[in-house]
Each structure stands twice: as C-alpha cells, then as structure tokens.
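J.: Here are the chains, one letter per residue:
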Amino acid sequence: MLEIRNVSVIYDPKTIFKKEALINVSLKIGYGELISIVGKIGSGKSTLIQLFNGLIKPDQGNVFLNGIDINEGNVPRKEIIKKIGIVFQYPEEQFFAETVFDEIAFGPRNLGQNDVKVKESVLYSLETMGFNVSEIIERSPFHLSGGEKRRIAIASVLAMRPDVIVLDEPAAGMDYEGKMSIVTQVRKQIEKGMTVVFVTHDMDEAFYLSDRLIALDKGYVVFDGPSKDFFQNEPLVNKIGLEIPFTISFRKKLLKCFPDIPFSKDIDSLIEFLSVRLSH
Amino acid sequence: MNRKNFFGQYQYSNSPLHLLDPRVKILSIFYIIVFLFFVKSLWGYLILLAFVIILVLLSKVNFASAIRSLKPILYLLIFTVVFQIFFTPGNVVFSFHFIKITKEGLNLAIYIAIRLMLLSFFTFILTSTTSSIELSDGFQAIISPLKIIHFPSEDVALMISISLQFVPILFEEADRIMKAQMSRGADFNSGGIVNRAKSFLPLILPLLLNAFNRADQLAIAMEARGFVVGGKRTPYRAMRIKVKDCIFILSTLAVTLFSLFRWTII
Ligand SMILES: Nc1ncnc2c1ncn2[C@@H]1O[C@H](COP(=O)(O)OP(=O)(O)O)[C@@H](O)[C@H]1O
Ligand SMILES: [Mg+2]
Numbered sequence: 013m014l015e016i017r018n019v020s021v022i023y024d025p026k027t028i029f030k031k032e033a034l035i036n037v038s039l040k041i042g043y044g045e046l047i048s049i050v051g052k053i054g055s056g057k058s059t060l061i062q063l064f065n066g067l068i069k070p071d072q073g074n075v076f077l078n079g080i081d082i083n084e085g086n087v088p089r090k091e092i093i094k095k096i097g098i099v100f101q102y103p104e105e106q107f108f109a110e111t112v113f114d115e116i117a118f119g120p121r122n123l124g125q126n127d128v129k130v131k132e133s134v135l136y137s138l139e140t141m142g143f144n145v146s147e148i149i150e151r152s153p154f155h156l157s158g159g160e161k162r163r164i165a166i167a168s169v170l171a172m173r174p175d176v177i178v179l180d181e182p183a184a185g186m187d188y189e190g191k192m193s194i195v196t197q198v199r200k201q202i203e204k205g206m207t208v209v210f211v212t213h214d215m216d217e218a219f220y221l222s223d224r225l226i227a228l229d230k231g232y233v234v235f236d237g238p239s240k241d242f243f244q245n246e247p248l249v250n251k252i253g254l255e256i257p258f259t260i261s262f263r264k265k266l267l268k269c270f271p272d273i274p275f276s277k278d279i280d281s282l283i284e285f286l287s288v289r290l291s292h
Numbered sequence: 680m681n682r683k684n685f686f687g688q689y690q691y692s693n694s695p696l697h698l699l700d701p702r703v704k705i706l707s708i709f710y711i712i713v714f715l716f717f718v719k720s721l722w723g724y725l726i727l728l729a730f731v732i733i734l735v736l737l738s739k740v741n742f743a744s745a746i747r748s749l750k751p752i753l754y755l756l757i758f759t760v761v762f763q764i765f766f767t768p769g770n771v772v773f774s775f776h777f778i779k780i781t782k783e784g785l786n787l788a789i790y791i792a793i794r795l796m797l798l799s800f801f802t803f804i805l806t807s808t809t810s811s812i813e814l815s816d817g818f819q820a821i822i823s824p825l826k827i828i829h830f831p832s833e834d835v836a837l838m839i840s841i842s843l844q845f846v847p848i849l850f851e852e853a854d855r856i857m858k859a860q861m862s863r864g865a866d867f868n869s870g871g872i873v874n875r876a877k878s879f880l881p882l883i884l885p886l887l888l889n890a891f892n893r894a895d896q897l898a899i900a901m902e903a904r905g906f907v908v909g910g911k912r913t914p915y916r917a918m919r920i921k922v923k924d925c926i927f928i929l930s931t932l933a934v935t936l937f938s939l940f941r942w943t944i945i
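These protein sequence lines map, in sequence, to chains R and G.
Quick note: to get our numbering, add 12 to the position in the first sequence (first position is 1).
Quick note: to get our numbering, add 679 to the position in the second sequence (first position is 1).
Since the hints were derived computationally from the structure, they do not count as laboratory data.
Predicted model only: the values in this text are computed from it and were never measured.
Backbone N, C-alpha and C fix where the C-beta goes; we use that ideal spot for every residue, glycine too.
Below, a sample of chain R positions facing chain G; criterion: calculated Cβ distance under 10 Å:
{"#": "1", "residue": "Ile93"}
{"#": "2", "residue": "Ile96"}
{"#": "3", "residue": "Gly97"}
{"#": "4", "residue": "Pro103"}
{"#": "5", "residue": "Glu105"}
{"#": "6", "residue": "Ala109"}
{"#": "7", "residue": "Phe118"}
{"#": "8", "residue": "Arg121"}
{"#": "9", "residue": "Leu123"}
{"#": "10", "residue": "Phe154"}
Below, simulated SDA-like cross-link-like pairs (lysine to any residue); rule was C-alpha separation at most 20 Å, straight line:
{"#": "11", "chain 1": "R", "residue 1": "Lys30", "chain 2": "G", "residue 2": "Pro847"}
{"#": "12", "chain 1": "R", "residue 1": "Lys30", "chain 2": "G", "residue 2": "Ile746"}
{"#": "13", "chain 1": "R", "residue 1": "Lys31", "chain 2": "G", "residue 2": "Gln690"}
{"#": "14", "chain 1": "G", "residue 1": "Lys858", "chain 2": "R", "residue 2": "Gln101"}
{"#": "15", "chain 1": "R", "residue 1": "Lys90", "chain 2": "G", "residue 2": "Asp866"}
{"#": "16", "chain 1": "G", "residue 1": "Lys877", "chain 2": "R", "residue 2": "Asn122"}
{"#": "17", "chain 1": "R", "residue 1": "Lys90", "chain 2": "G", "residue 2": "Lys858"}
{"#": "18", "chain 1": "R", "residue 1": "Lys30", "chain 2": "G", "residue 2": "Phe742"}
{"#": "19", "chain 1": "G", "residue 1": "Lys750", "chain 2": "R", "residue 2": "Asp24"}
{"#": "20", "chain 1": "G", "residue 1": "Lys858", "chain 2": "R", "residue 2": "Asn83"}
{"#": "21", "chain 1": "R", "residue 1": "Lys264", "chain 2": "R", "residue 2": "Ser287"}
{"#": "22", "chain 1": "R", "residue 1": "Lys30", "chain 2": "G", "residue 2": "Tyr689"}
{"#": "23", "chain 1": "G", "residue 1": "Lys858", "chain 2": "R", "residue 2": "Asp24"}
{"#": "24", "chain 1": "G", "residue 1": "Lys858", "chain 2": "R", "residue 2": "Phe108"}
{"#": "25", "chain 1": "G", "residue 1": "Lys858", "chain 2": "R", "residue 2": "Leu67"}
{"#": "26", "chain 1": "R", "residue 1": "Lys31", "chain 2": "G", "residue 2": "Pro847"}
{"#": "27", "chain 1": "G", "residue 1": "Lys877", "chain 2": "R", "residue 2": "Asp114"}
Among the chain R residues that face chain G by a calculated CB cut under 10 Å, a handful are:
{"#": "28", "residue": "Lys90"}
{"#": "29", "residue": "Gln101"}
{"#": "30", "residue": "Pro120"}
{"#": "31", "residue": "Ala165"}
{"#": "32", "residue": "Ser168"}
{"#": "33", "residue": "Val169"}
{"#": "34", "residue": "Ala171"}
Only chain G is shown next, with the shape it has when bound in the complex:
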C-alpha cells in the first residue's frame, strides 16, 4: 500500500513556490482549474502544460512524483478517453465491423485527457508545496468573509484539516488490524457476498472504535488546552502578500490570457 502518496503529499523544501502565501496559491490554482474548462485550443493547453512543468521545476519537488500523481485518475482517464473515442458521432476515420472511430471523437478524447492531466498536475503543485497547516490556515482565511452570514468558517477549516490528517492514519490502522485478524485466521477474500460482508466486521468494528477513541482523546486534549468551539484563534504565522505572490498572480493571469489567443501564425 502506498499510503504516503495520498493527494500528492507535501514535500518539504524552501523553493519559491513553497514560500508563497497559501491563500494566493489556493485561489490561483482554483482559478486555473476553473479556467481549464474554457480553453478550447490545443495550443492553449500546451501553454498551460509548459506553465505547470515550469512550476514543478521551480518547486524542486521530485519530478517523478508529479507524474505518479496521475495514478489515482489513470482509470478515469482511460475510461473517458475510450468512451469518447468510440461513442462520439461524426466523420468516421476508421471502422472495423461495428467499431467506428470518428475525428470528433479523437479530438474530444485528446482534449479531455489533457484537461484531466492538467487538473491533476495543478492540484499536485498545490498539495506538494503547501503543508496541511498552511492549507487549512489559507482556506480559513479565504472563507472567513462568510462569517458575516454566520458561517462557522474557522470550525469548518479546522474540521477539514483534522480529517485530512486522520486519513493516512486510518489507512495505516486498517492495514494493521487486517494483518492482526489474518493472523487469527480471518479471510477477507473469499466466500459469497453475505459471508464476505460478515468477515469484514472484525476489521470495521475495531477501526471505528479506535477512531472514536482517538477523536475522544483529541477532543479532551483540545479542551484541556483551552479550545472553545467558535472561539477566536491566532494563526501561527501571519499571512502577508509579498512581491513574489504578486509575481505569481501576474504570471498566472498572463499565462491564462495568453492561452486564450487563437494563434493564427501556426
């Protein structure tokens, strides 16, 4: 199990990208991802691809791990590409019995594949250069205007960041309990549906119980240290927009605008 690779895990370094204000990173990446759906030309995509490659290089994170971040969406990618290729009506360029491949299908498949890839690369940039604490602080700052309408933005941000930290622990624990039960003869891989569901009880039950216990302990520890729901909290690091953040915002805007032009020369 590759538990450490979730969400393109944070890779420590002090590259310019790591030092950016998390709010700027979160909003810019969000903007780019939304923007991806408006780019209609292959050249536009290529420009964005070049941009993301430059970002990976700038961030000094492991290049191979960026490629590997595609793994979780690989099946989705293959499925949509195959689906588009075979089921889009239009000008047939190739046919064999009932299989027909159309020009439109090929086009669409390529676009969707690139779009999905770019989407996962940009998310990877965000998660691999921003620690979970920065993510939660940044996210909290971004949704804090919602406090005007009494939205509990701080609590929601805290909840999200705690859950994110619990996910890898939960997977590790599931692995551990599964092994312990297998050592007592549990069999998770055979039998009919009913039997199999039953056989998961010795895995699910301890997992839930331990998670509750841990949540309980966390709550006690937080209360003991003066945590109050809805109380005001001081972030560890004050966030301030600096010159490099402006540069990042400007280059993001420039690249996205650039990719919108129709390049008639080519």
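Next up, chain R with everything else stripped away, as it sits in the complex:
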C-alpha cells in the first residue's frame, strides 16, 4: 500500500551543514502490518516517517501510496493525510484549542467533515483511546496529566480515521505509568487490525509491540524483517548501538538451567513457565 523506493534525503544540501539523513532506502508497508522502526538518535527515523505523508520530499527516489507517486503531479495533501496519520514526538506541544473536543475536531474539520461527522469522529477516537467521553470532552487539553495529554494527542490523529497510524516515539519522556497506558492503547489498535508503524528506541517496546522491525543506522536500512530474527542477531544489534530486549536476555540466562524454555514476547509467560517449573 505504501512504498518507499530508492529514497535519499539530504538536509541543507550544498552547504557545510549538508547531512545525508536517509540513503537509498526502500521498503513496503502493507495493510494490517505491525512495524516498529528502531535506531539510535539521529539515525533518520523521524525523517523516514515524514516521507510517508509528503511532509518531506525525497531528494532522490519516490514514495508511492496505493501505486500513486505522492510527490508527483498534484495529489492533494488531504487525500494523503486521510490515509496516513502521523503522531509526532511530544505531540501535546501542538495543543491550541480550549477544549478536548475542539482539539480533536481540528483534523476532521480540516478534512471538511460536517458537524455530525466531526462529532462522530471525536467520540470514536476518544473511546478508542480508552477515555470516559463525557468526563473529558469539555475539559481543557492543557490541564490534563502527561499521559492523558499524550493520549488526547494520539486521538486527535486517530479522529481522521487513517488507514495507517504512525507514532514517533509515543512513549518518550513519560513515566512508567504513562508509558504503560500508551503501550496498552497502541496494543489495542493493533488488535483492531489497524496498520501501526511506531518509532522507538526502547527495544522492549519494539519487541513487545511489533512483528516486523526496520532498523536504521546512519541513514541506511540495516535490517528489515521479523523482530525475533533481528534480536537473535546480537552482533548486528550491538553494532548499531541498540540493546537486546529484557525478555530475550532474561530467557537466554535461564536457558542454562531450563533448556526447554519457550521463546516468548512477554515477560508474563516466562514467569508462568518458571513458576510451573519451580513448583515441581
């Protein structure tokens, strides 16, 4: 559905600040996929996702959405953002409206939806993000807790009902509780069968939340495949400066005593396995 073909992006070309942020990147994203994009700070993650809805134009290569080059001819931006929703890093910094309702309605209104439709979209997205609608809708978005703000910000993009939701470090700068509430909500989207792409440098999150993983290093795609395979390639993970998720290193340590311990994505099933074994 979304295809990036041989794309390079250069910031400030022809100056001493010239920076090749992405180099000859190609990838395809299909419906219903769960993808995490990982890489160290400055590896080009944010640049990559901004290509998805045309905010950044490639210096080389093409971006196709359902077979159409979004940077060619005059594809209206609204057609693109209707399909690709991007939630930026620290999205609560974009708030401007008096009420949560108006904040979330911003997107749907910009898409030209009528009042009835706008209301429907706002309610849908608030519910999806796990809010008690009547309790939150008239409040000021500025007077919410950090985690709530973040979820409202995500709802404000979900309200446009995109086919794909792209989240740039959705849990950055959150405390553990906030992080968990975000992760749970993202997990819910995934269960609903939505296409979710999320950017993170927390490997536990990446492993827990995604099937497919794309790793970037200095603007190059160095891995694109099942996240399980990526983390089993320890030399590569270390080489690009990332960490092995806790569940994997924990299991590895246990392997010595329990050679038959299953491979698992979440810590709970490991703990269950252990408790069964140890009670024998």
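Let chain R serve as the given structure and place chain G with the ligands on it in line with the hints.
T.: Positioned in the frame of chain R, the structure of chain G with the ligands alone reads:
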C-alpha cells in the same frame, strides 16, 4: 530551512582570531563598520576587502560560508543597487526610452554594494569566531561602565545572550509544530487574508505557550541555582588583553588609516 546559518553561526576552531579577547573583537569590528561610512575611495574599499579576506583566512572558518553570509542581505543589496542605478540624476551614459542610467548612479551603486558587503563580512568575522557566551561576556564588559548611571548592564547582556540562544530553538520548534498541524490537515498556504490569519492560530498559539513554558522553566532553574537579578556574577573566563589583541588593534588602525589616503600614484 537553513536554521543553522543564522548570523553566520559560530564555527569552532582555535585560530588566532578565535583566541582574541571578545571585547577587542567587538569594539574593533564596530569601529570598522562605523569607519566604512567615511571611506570615499574605491581603493580604500579594496584595502578593506583585502583585510577582511585575510581575516577570513586567518580565522580558518569555511570560506564558502563567508560568501553565504551575504544571502540574507542579497535582496537588500539588489534593491539598493537597482534603485541607485536608475534613480540618481546626473550625466546620462545610457538611455532607452524612459530608462536612464547615469555615471553618478553607477558610482553610487557600486559604493553602496561594496559597503553593504563589507559590513556583512566583518559582522560574519565577529559572529563566526566568537561564541555566544564570549559575545555576551564581552558585551557586558563593554557596557559595564554604564553601571555608574544605574544602567542594569549585566542583566541586559544576559537578556540579549539568552534571547540569541532562543532564536534557533524557536525556528526549529515552529517547523516542528507546523508539520504536526499539517499532518492534521492544517493548510497554511491558501485562502483569503482573514482565513489565513485564522489558520495560523494553531501554529502561533502552541509556539507562544511553549516559549512561555520554557522561559518559566529557565527562570526556575536559574533561581534554584542562586541567580539574583542585579546580583554580581563572576565570568567563567577572565578577559585579559594580550599581545595578539594589541597586534589586532594596531593592524585594524593601520588598515583603516591606510584606506583613507588618496593614492595619487594610481
Ligand atoms: N530539519 C533538519 N535540518 C537539518 N538536519 C536535520 C533536520 N532534521 C534532522 N536532521 C538531521 O538528520 C539526521 C536524522 O535525523 P532524524 O530523522 O530526526 O533522526 P532520529 O529521528 O532517528 O533521531 C540527524 O543527524 C539530524 O541532525
Ligand atoms: Mg526522531
């Protein structure tokens, strides 16, 4: 957006120019810029041009970036040159219908163009070889005699240096918020004047709010570390005039005097 190029941004190196006392640099460059308006001969300008080129080479900063520092004033330059060429009365050297170009106009245009270019080159030398901290320390030291008349020189210097550091951050943030709102369907480029002004609200409001928040945090952090308005502060580096500063001052004086002579030989 070329956010990193503002004011000919500081380029780190340890060239002789970087090591000069900031007070000496600020005052000398200021002196030269004022002086520019008193030079009346082409030769004078050429001598100053040679001087600035030598300074750029000495400073080891990227030569191309010096040329690029002209970019912000390019339109001003073109506008004034065109204006002078076409609208100065005098001896006509070229005419076509109602367009008349005069000798005086050409002369004036060339002078103004060179003057503007030199002005921006010298400012570039100052800003690319002096870090913002040095600039603010130097500036503070220079205006500190004003304390006698109860002018809050330290606070003003601090204010200026903080604002200068905020400018690039503000531009980056504007870029970020604009992109975020565009991802929510905001359109900053179409519609009538009223609509367009309205459409900027989702950009301006978050920008202001974040700036206030940041200022608030900065104030708290500064207070927590014992900052008192009007209190006495010790600069990180004591500034002392050294031999190289004297050499710089003397050569600046020599070059400017030199450029005043009318060179009858040529
Ligand atoms: N607007 C910009 N102008 C210039 N350079 C940029 C800009 N945005 C990002 N970069 C540079 O491009 C590289 C990749 O940045 P980014 O995509 O933000 O990485 P990540 O999201 O992985 O941290 C970094 O080296 C960064 O400094
Ligand atoms: Mg990023």
